[in-house]
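Colleague: Listed here are the chains, written in short residue letters.
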Amino acid sequence: MLRIHVEEKCNRATLRLEGKLAGVWVQELERCYQDALSGPDNRALVIELDAVTFVDDEGRSLLREMHEAGATLVGRGAQCRHLVQEIQQQGTG
Amino acid sequence: MDFERHYEALLEMADIMGHHRSLPELFSELAKRLHPVTAFELASFARYDPEKKVMQVHMWERTGSAGAPTEVPVESSPSGWVWQTQQPLVVRDLQVEERFPRVFDLFREKGLRSYCVIPLTTAQRRLGALGLGSSQLNAYQEEDMRLLGRVAELVAMALENSLTRQALHDEKERLQTLLEISRALVSSLDLKQLCPTIVESLGRVMKVDHASLALCEPEAGGLRVHARSTPVKGIEVGTFITSLDSVAARALREGKVAFFNRSDPRMERSLAVSGLFELGVESGCCVPLITSKRALGTLNLASTHRSAFASADIDLLNQVASQVAVALDNAKAYQEIADLKDKLSKEKLYLEDEILTELNFEEIIGESSALKRVLTQAKIVAPSDATTLILGETGTGKELIARAIHRMSSRKDASFIKLNCAAIPTGLLESELFGHEKGAFTGAINQKVGRLELADKGTLFLDEVGDIPPELQPKLLRVLQDQEFERLGSARTIRVSIRLIAATNRDLADSVANREFRSDLYYRLNVFPLRMPPLRERSTDIPLLVRYFVQKFARRMNKQIETIPTETMNALVSWEWPGNVRELENFIERSVILSSGSVLKVPLTELRPVYEQSSKASTLESLEREHIIRALRETRGVISGVKGAAARLGLKRTTLQSRIQKMGISRTDYEG
Chain H
45 MLRIHVEEKC NRATLRLEGK LAGVWVQELE RCYQDALSGP DNRALVIELD AVTFVDDEGR
105 SLLREMHEAG ATLVGRGAQC RHLVQEIQQQ GTG
Chain Z
109 MDFERHYEAL LEMADIMGHH RSLPELFSEL AKRLHPVTAF ELASFARYDP EKKVMQVHMW
169 ERTGSAGAPT EVPVESSPSG WVWQTQQPLV VRDLQVEERF PRVFDLFREK GLRSYCVIPL
229 TTAQRRLGAL GLGSSQLNAY QEEDMRLLGR VAELVAMALE NSLTRQALHD EKERLQTLLE
289 ISRALVSSLD LKQLCPTIVE SLGRVMKVDH ASLALCEPEA GGLRVHARST PVKGIEVGTF
349 ITSLDSVAAR ALREGKVAFF NRSDPRMERS LAVSGLFELG VESGCCVPLI TSKRALGTLN
409 LASTHRSAFA SADIDLLNQV ASQVAVALDN AKAYQEIADL KDKLSKEKLY LEDEILTELN
469 FEEIIGESSA LKRVLTQAKI VAPSDATTLI LGETGTGKEL IARAIHRMSS RKDASFIKLN
529 CAAIPTGLLE SELFGHEKGA FTGAINQKVG RLELADKGTL FLDEVGDIPP ELQPKLLRVL
589 QDQEFERLGS ARTIRVSIRL IAATNRDLAD SVANREFRSD LYYRLNVFPL RMPPLRERST
649 DIPLLVRYFV QKFARRMNKQ IETIPTETMN ALVSWEWPGN VRELENFIER SVILSSGSVL
709 KVPLTELRPV YEQSSKASTL ESLEREHIIR ALRETRGVIS GVKGAAARLG LKRTTLQSRI
769 QKMGISRTDY EG
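Which chain is which? The protein sequence lines are H and Z, in order.
With the numbering used here applied, the first sequence closes on residue 137, and no number is skipped along the way.
With the numbering used here applied, the second sequence closes on residue 780, and no number is skipped along the way.
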């Protein structure tokens, strides 16, 4: 189960994720991400991963795509921080 | 001569009685036949109407033309007097007669001078009266009265037959009505469709133009309209009727049919009824819908005819209402069951999700080739329904992979039932597996459904299958081969469809060699063996697992741990983890408890013996190894049991097996 909170403020949309980013929930996040993209052109997109408990390979790929498309990934905690760092390093590497 | 004419006229009339189609036609014909033998200008037939308590009077002129029937109060009518007293009435001169002025004034206007009335009565009931009027003075003599008496007997019989036929016809129509309404209720309980059906069906036997159903809402203290046959202002579906003075509320309060009429001044206050009156409704009734348990609401009927609903209709209305009430009650009970089932199903899904989330059965953490190889094999075997044997040390995640196989199989929507064969006393294991009937053995105070039955159409996971006692092994083999078994204490064979996944940390081949495990069961279980790699063979997964567990426990303990020092991680990766992932998980939980800041604080001293690879530790390990080999030699390789090596060393069997494996002790070390 993944819960996605969408917060839209001025020039910024935040997708706050809670639970497992795996299986069918990856598609659900992608749908929300596409909706968020359809907003104003120059607004920032932030993906908050603090409350994510598990990410499968597909979820990881989607996060990477979002990062490459300009979304900011934010994650606290040993696992999420490592995940964000890993994706960012792959992006720059 | 008169006698012959009378006799012939009576025969003709008797013939007509047998062939008439309707009462008006009968009287018209009778009047024609009667005229040649008795002088009269006007014939009357009066019938008592028990509903209205009046005399319904029909009149025929000599020419055969009939006037419209009129209602005359019993006490104002000469026919009424005859009907009441059952005596014939002969008025020889109407000019001097003072009784019954309302009727006799009319006769006098028509030029009649004399009049006679004979009662129409059968053995069963008093029906009415037959009358003749003549323009001649004193026209009816004794002989005429005798003839009329005979004619009256014939007419009464014909009338009785006609009334019986009508009653039978009415009864048939009522039964047909009930049948139609029953059929409509049985085929579907669509309330929207029910009201038009009721109007149509009841229309056979009474003048119904509108029907509606109002159901009780006790919490709100009123009734709510749920369906109606025709749009009526004030009786829209969903309208709430609160007024205690409403006709429907009266019907419910009194538990009987409540009638209403347009002429009733109290009706003006009711919004719902005034809507009906705007549509030309003249009368109506509300029938309470009552079951043996409760009052459900009212069936409301309305008609554009005055006094359309008579007390004679009450029985039928109550029968219809009773059927509607039972059907509504059943529908309500069914709905409650469906709601509960739905709720249970949702709760089950929720709980399953909770279990998966809590126990992390869904996630298998790791990217090592050793783990990926096992996952690939699991994906291959999952859809095949084949029995799977998962081998591996304790704490390697055998149950996790078993659940993953179940989830990837076609049985994923059915249950995954687990049984740890080592955790249950031997004596109870059979009962746990197969179930038992009440009284099957001392202590079997209730019937119990076994895990095999619970796992029907799903997956049964037998953990520690190597610990199944020898006497139970043939029974399990039979279930695997034939998919059938009997509960303890029952002769009834139960057929099931089960996919078995077994797991063990024992070397089953060795157990077979030691005659601790049946070879036929071993081969039956060993269809597709999967070996879970110990954590030391997938050390590249340790950082992932450490981060995962740190985040999991930090969240649970409401801590924020951001950093795991490199030295700590290296130490964790270097440790051999004899207890595998379970040991790592427990160790990390302990570490998170000990960590107060954002850095994970690990009690590294617990890992040092292996991490530092001290020579002293090696010596201790070699001493331990030698001690175990000695014990095995003394017990001739037997590990379990009271005379086994585990008991001699004061260790659990599984612990000893783990150490033997870890230290690489083989059979050649202690044999020969």
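If you're looking for bench data, these hints aren't it; they were derived computationally from the structure.
In this text, all values refer to a predicted model and were calculated from it rather than measured experimentally.
Ideal Cβ positions, reconstructed from N, Cα and C, are used throughout, including at glycine.
Each hint should be verified, as a subset may be incorrect.
Restricting the straight-line Cα-Cα distance to at most 35 angstroms, the calculated cross-link-like pairs of lysine-lysine (DSBU-like) are [said to hold, decoys possible]:
(1) Z:583 / Z:660
(2) Z:565 / Z:583
(3) Z:583 / Z:556
(4) H:53 / Z:160
(5) Z:565 / H:53
Here are some chain H residues the structure puts well away from chain Z; computed CB gaps all over 10 angstroms [as the list claims (entries may be wrong)]:
(6) 64
(7) 82
(8) 100
(9) 114
Colleague: If a hint holds in the structure, say so; if it does not, say that too.
Modeller: We went through each hint and held it up to the structure:
| no. | hint | in the structure |
| --- | --- | --- |
| 1 | Z:583 / Z:660 | violated, 43 angstroms |
| 2 | Z:565 / Z:583 | holds, 20 angstroms |
| 3 | Z:583 / Z:556 | holds, 18 angstroms |
| 4 | H:53 / Z:160 | violated, 80 angstroms |
| 5 | Z:565 / H:53 | violated, 51 angstroms |
| 6 | 64 | violated, 7 angstroms |
| 7 | 82 | holds, 31 angstroms |
| 8 | 100 | violated, 8 angstroms |
| 9 | 114 | holds, 25 angstroms |
In summary, the structure is inconsistent with hints 1, 4, 5, 6, 8 from the numbered list given earlier, while agreeing with the others.
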